[in-house]
Amino acid sequence: MVGVLIRMKWQILRNSFTGTRKATTITGVVAGLAATGCTLWLTISAGPDRAGGALLLTMASWLLGWIVGPMMGGSDPGLRREHLRHVPLTDRQLAVGLLGAALVGVGPVVTLVAGTSLVWYALRLDPAAVPVALLVLPLFVLLLVALSNVVVASVGRLLNSRLSAALMAVPWGVLVCLGAQGWVIIAAITGGPETALPAFIADKLRLAPSGWPVVAVEAAARGDWALVAAVIGGLAGAIALALGAWALLLHRPVEPTVIRGARWRGWRPATAVAAVRGKELRTWGRDLIRIHFLTFALVYVLTYVLLPLLINVTDYLPMAGVFFVTFAVGSCAHLHSSDGTALWQTLLAPGAERADIRGRQRAFLLLVAPPALAMTVAGAIWHGKGDMLPWAVGLLPLVLGAGTGLLVFVSVFLPVRIADPHKRGSNPGSDGAGFSGIVWFVLIAQALLAAPSLALLITGTVRNDDLLRWAATPVSLVLGVALAWGLGRLAIARLTNRGPELLSKLG
Amino acid sequence: MTTHALRLAGLTKHFGEKVAVDAIDLTVPAGSFFGLVGPNGAGKTTALSMAVGLLRPDAGTAQVFGTDVWRQPTQAKRLVGVLPDGMAMTERLTGREMLTYLGRLHGLPADTVANRVDELLTVLDLAHAERTLILGYSAGMRKKIALASALLGGPRLLVLDEPFEAVDPVSALTIRSILRRFVAGGGSVVLSSHVMPLVEQLCDTVAVMHEGRVVAAGPIDEVRGGRPLDEVFVELVGGAADEKELSWLAS
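Protein sequences, first through last, are from chains W and Y.
Per the UniProt record's numbering, the first sequence runs over residues 1 to 507.
Per the UniProt record's numbering, the second sequence runs over residues 1 to 251.
Think of the hints as simulated: they come from the structure by calculation, not from any bench.
Careful, some of the hints might be misleading.
[What the hints assert, rightly or not] Over 12 angstroms on every C-beta distance to chain W, these chain Y residues come out as not near it, computed from the model:
{"hint": "1", "residue": "Leu-26"}
{"hint": "2", "residue": "Val-123"}
{"hint": "3", "residue": "Phe-164"}
{"hint": "4", "residue": "Glu-165"}
{"hint": "5", "residue": "Leu-179"}
{"hint": "6", "residue": "Arg-180"}
{"hint": "7", "residue": "Gly-185"}
{"hint": "8", "residue": "Glu-200"}
[Stated by the list, open to error] Covered by chain Y, according to a simulated footprint, are these stretches of chain W (three or more residues, beta-carbon under 8 angstroms):
{"hint": "9", "segment": "270-279"}
{"hint": "10", "segment": "498-507"}
[Stated by the list, open to error] In silico BS3-like cross-links for lysine-lysine, where the CA-CA straight-line distance does not exceed 30 angstroms:
{"hint": "11", "chain 1": "W", "residue 1": "Lys-505", "chain 2": "Y", "residue 2": "Lys-18"}
{"hint": "12", "chain 1": "Y", "residue 1": "Lys-18", "chain 2": "W", "residue 2": "Lys-423"}
{"hint": "13", "chain 1": "W", "residue 1": "Lys-505", "chain 2": "W", "residue 2": "Lys-423"}
A virtual CB, placed ideally from N, CA and C, is assigned to each residue, including glycine.
Make the full structure from the sequences, and use the hints.
Take a look at the structure:
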């Protein structure tokens with residue numbers, strides 16, 4: 001059974017390896033291998049005490065990535081429970097089979113390759129520990145994949161109302177942010193960057209499942225075989241536990257969520273653009289995935305700017321609005337992809353391409369600009385000093401303008417094929433598709449487009465020149481308006497000239 | 001003024017190695033009720049998608065009342081109402097909201113939109129699902145709301161891909177009478193279907209597609225030659241089940 005599912009998954013992967021998916025997959029592999037290189041270099045070049053700490057941190061980040069990744073849209077195309085509903089299998093068989101199938105993919109392979117640093121670490125400590133490393137590594141990867149699937153399955157169960165879609169984003173936002181901003185916590189605890197990981201943090205990391213492989217290798221090097229056996233037993237037990245939980249979650253299919261529309265109050269859009277704007281604003285309020293992504297951006301940014309308060313740094317607060325818009329654009333720039341084949345309705349309306357693009361831009365601006373402004377003002381008041389003001393005021397118009405431009409540009413030029421809304425499974429967590437590539441692309445593009453204003457701000461700050469610093473604001477205003485208009489113009493032209501091709505990529 | 005509602009000439013589409021539609025020529029006279037039949041995978045949906053401007057052909061032309069669909073798309077789109085099969089719609093709107101949105105997107109005046117939407121929802125018996133999003137519609141309701149959006153712009157030609165699939169008998173009767181009235185009022189209809197008796201009842205002209213080609217076309221009585229349509233159909237496309245196969249079934 002597992003063999004059949006693995007072959008099915010392999011075939012699905014091969015068939016879906018095209019277009020944007022191909023690009024994002026290759027980007028993912030390259031990024032993964034680069035991270036692998038860094039880990040290997042750390043474990044080989046650093047002293048044994050630091051190598052262990054580095055491994056502990058890295059493996060903790062893998063655990064985090066595997067748990068959070070699927071909700072960020074990293075889950076690959078694959079086998080879904082829905083596909084196998086009528087195949088006579090027990091839940092446990094199904095869980096084991098799906099686990100086998102889940103192992104076929106880029107993620108597990110990259111993790112396994114990166115995990116070879118554990119073997120190097122063992123080799124440095126004591127050659128006798130190498131077999132232990134070779135044994136615990138695949139177990140660890142199995143555990144990661146199993147845990148990741150348990151999370152996806154439980155998300156489907158929890159993400160069933162607008163409120164829970166928003167609430168679900170809170171832990172992810174905080175977790176991902178801790179991954180990026182973890183140095184703040186370490187600095188807060190230790191009072192400064194350390195060359196080696198402080199012992200008491202390393203001890204905590206050894207307790208987490210991600211630390212167990214390191215513990216096993218170190219125990220083997222010391223000749224503490226009882227501990228080695230305990231860790232291997234623990235890993236096997238955790239895998240069994242995760243599989244059991246997964247089987248339980250698979251047992252009862254998730255009821256599809258019913259979101260009701262509002263009572264009709266006579267909607268009369270004045271223009272075609274207004275019609276699209278109204279359609280989009282309604283969709284933002286009713287699509288659980290959109291609500292989830294937007295809340296994620298909000299929570300991530302709030303954590304990002306509030307965390308440095310631990311070390312009495314308030315400088316990030318005025319930038320909250322700027323960061324929020326940037327992340328919101330990154331996590332939402334797949335509007336046409338997530339609407340799927342509904343594009344035919346736009347394509348068949350004579351000359352509707354412009355209204356479609358401009359309406360989407362306006363709705364998004366209406367949605368993110370007010371909270372962004374409020375966050376900027378509140379942050380600036382809390383920070384109290386004027387030093388960050390030119391940065392916040394100087395970048396906000398630019399990220400708003402460039403953001404609304406990129407939103408539609410990326411959405412039209414980088415389509416990602418995902419299941420149509422009416423054909424999706426009942427679990428929103430398993431339909432994430434490859435949106436993570438889009439997030440990275442947008443973040444980098446935003447930084448590049450903001451370069452002129454950033455250059456003025458940086459030079460102004462370095463030279464302590466207020467005139468230069470404030471010059472960024474008018475530049476941002478002009479650039480923001482131009483980018484919102486220009487990138488939108490390009491999207492309209494693309495949609496007008498290559499609309500049917502976009503539809504084929506989505507269908 | 002041309003008398004052809006739809007004219008396809010040399011229309012071709014390849015998907016990789018496979019020729020989905022192989023240089024078909026098809027003429028739908030104005031005012032006709034035209035049935036396009038063929039087995040699964042014959043290329044009906046591909047041909048219709050190219051005919052209305054949703055799929056770019058590799059070769060050939062499609063004209064609606066003499067207007068080239070691919071050269072003058074804006075003019076052509078004003079003349080056609082389309083119901084595609086199995087595609088997503090604006091899923092997070094209610095039926096009334098979606099029709100209002102589409103009406104304005106098509107450039108109809110707000111008052112006209114409001115009146116037409118009211119009428120369409122009542123006639124198609126969708127007015128009761130006032131707060132249900134399209135996403136929550138049953139398969140039959142989806143067909144009906146898609147038909148409503150095809151009718152909304154007041155087209156002269158309707159192109160409907162499998163309009164009766166999954167539709168309950170009562171709704172099917174409603175849809176039929178709407179389509180008959182549309183043709184009686186001077187409109188033209190092209191529909192694709194698997195259901196031969198339905199095509200026989202409704203259509204005055206038919207075309208049979210098989211493996212990307214049109215294997216027969218013309219007034220229905222000519223194509224039938226006095227026999228039931230499904231007999232002629234099976235003869236044209238072949239492949240009736242052999243009684244010896246599946247011998248293990250229920251043995």
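Structure-based check of all given hints:
Distance check on Leu-26/Y: its Cβ is at least 20 angstroms (rounded) from any Cβ of chain W, clearing the 12 angstroms threshold; non-interface status holds. With a least CB separation of 18 angstroms from chain W, Val-123/Y remains clear of the 12 angstroms interface cut-off, as annotated. The Cβ of Phe-164/Y lies farther than 12 angstroms from every Cβ of chain W, with a closest approach of about 19 angstroms, so its non-interface assignment holds. Glu-165/Y, annotated as away from the interface, keeps every beta carbon of chain W farther than 12 angstroms; the closest lies near 15 angstroms.
Residue placement check: Leu-179/Y keeps its beta carbon more than 12 angstroms from all beta carbons of chain W (closest about 19 angstroms). Every beta carbon of chain W lies more than 12 angstroms from that of Arg-180/Y, the smallest distance being close to 24 angstroms; the non-interface claim holds. A cut-off of 12 angstroms between C-beta atoms confirms that Gly-185/Y is not in contact with chain W; the least separation is 22 angstroms. Look at Glu-200/Y: its CB is around 29 angstroms from the nearest CB on chain W, clear of 12 angstroms, so calling it non-interface holds up.
Given as covered by chain Y, the segment 270-279 of chain W passes the check, having 8 residues with a CB less than 8 angstroms from a CB of that chain where 3 are the minimum. With 5 residues bearing a CB less than 8 angstroms from a CB of chain Y, the segment 498-507 of chain W meets the requirement of three and the coverage assertion stands. As the CA atoms of Lys-505/W and Lys-18/Y are separated by approximately 18 angstroms, the hinted pair is consistent with the 30 angstroms bound. Only pairs whose Cα atoms come within 30 angstroms are accepted, and Lys-18/Y paired with Lys-423/W is accepted, the gap being roughly 26 angstroms.
Between Lys-505/W and Lys-423/W, the direct Cα distance comes to roughly 16 angstroms. Compliance with the 30 angstroms bound is thereby established for this hinted pair.
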